[in-house]
Amino acid sequence: MSHEHVSNTKRIWFVFALLSAVTTVEVILGIIKPGVLEFNHFLGLNLLNWIFYILTIFKAYYIVWAFMHMEGEKSSLRWSVVSPVIFLVLYLLFILLTEGHYIYGVFKDSTIKWNF
Amino acid sequence: MEATVTTANNDEKTWGGGDIQPLGASYGKMMMWFFIVSDALTFSGFLAAYGFSRFKFIETWPLADEVFTHFPFMHGVSAPMYYVALMTFILIFSSVTMVLAVDAGHQLKKTKVAIYMFLTIIGGFIFVGSQAWEWKNFIKGEYGAVETVGGSLLQFVDKDGKRVALEEFAVKLPEQREALTRADGKWFMESAESTPTYSVAEIQAGFKAHPELLIRTEHLTAEKKKTILSRAESESRLTTAKYVVEGANLVRNEYGSKLFADFFFFITGFHGFHVFSGVIINIIIFFNVLLGTYEKRRSYEMVEKVGLYWHFVDLVWVFVFTVFYLV
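Protein chains in written order, with the working numbering: chain A, 4 to 119; chain B, -16 to 310.
None of these hints come from the bench; they were simulated from the model.
Accuracy of the hints is not assured; some may be wrong.
Cross-link-like lysine-lysine pairs, in silico, PhoX-like; alpha carbons within 25 Å at most [as the list claims (entries may be wrong)]: (1) K142(B) - K207(B); (2) K95(B) - K145(B); (3) K111(A) - K279(B); (4) K145(B) - K36(A).
Per the computed footprint, the stretches of chain A lying under chain B, defined by three or more beta-carbons under 8 Å from a beta-carbon of chain B, are [what the hints assert, rightly or not]: (5) 66 to 80; (6) 101 to 111.
Where is the CB? At the ideal position from N, CA and C, for every residue including glycine.
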């Protein structure tokens, strides 16, 4: 990088602390599984899982931006790496989860025995 | 900003793609990013396929809390999540040492780079070892179960709903099994190791002799617990038993849905393979650092590139952790 390589050590340790804290929160929630969160749903997904997914994305953002130093790259590189992944993954999840749910319904309402 | 470090002479630049830098990154670094994109899509495909199968069997999927309960030196203690949390910390920490190595590389501090690379390699080995231990427990199993002719899995519990292992109640019947001999031409069909400890008849007889036992099916109740049948229902369900299942393999497992174990082996195995290759690549770069290769180049960009790969492995684990153990 053209700007002088100042040591980023402080930021690295900060991100480490942050990621550890988030993981600890996830583990604690995973062990306790508060009923309030687990049995209340928002858009078909329970609140606990919402929290898990949001925290996962949060961690992923910090790993890519701070550890992989995406924040220091040109925005052209940033977009050409991040946007295909985001859009393709969203599409993939949409189509597979919808279809999985559909098949669940088919087998639930039919007499077919399904065992693989 | 030029994300690359300029090399001393132009001959080397030709190898690096010349002076033209489309996205402001060197050839090697840009290509590492695009390799990561394709690899990320591969892992997304696997995880989405896992989600697909899980949605298909949403009412019978195994509960991760009941599967991954082991912690080293704590036998018989149910400690869900702790071990995998430890593994996560190990991997995050090895990511930190990696990024510290890259940071030291920017300042051309050879010794520091070498030390941090070394710590990263150690962290990687510990992680791979932990995963092997996790696999060992998963394959070995703890309680055992039986599979019915219809392919559903039955587990055994006592009155309080506590899991009961097969060896706690199965009776030893006089040997009904016949050892296969090579003369039968069936030597390839079944090996002694894959034969379960007990036969279905031994489990059924043992169940009859222990009136306090009940059967637990795969079905999840509204409280996200497995359904426990009454004694009468249990007895009738057990008559349909076909296989005794101990531990896990790619065909059947004692935890529940067959696909659960298949995806576990495949996805954590593929991730573990990535970690392993990451460790190997790190070792190569580590020796290059020691030999002073990058010192001579006045550029530690290679450390940065393997660093990208290493962080990516950590990134994948973050998702695997959520999908397999938390959700």
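Hints and how they fare:
no. : hint              : in the structure
1   : K142(B) - K207(B) : 19 Å, holds
2   : K95(B) - K145(B)  : 52 Å, violated
3   : K111(A) - K279(B) : 67 Å, violated
4   : K145(B) - K36(A)  : 19 Å, holds
5   : 66 to 80          : holds (count 11)
6   : 101 to 111        : holds (count 7)
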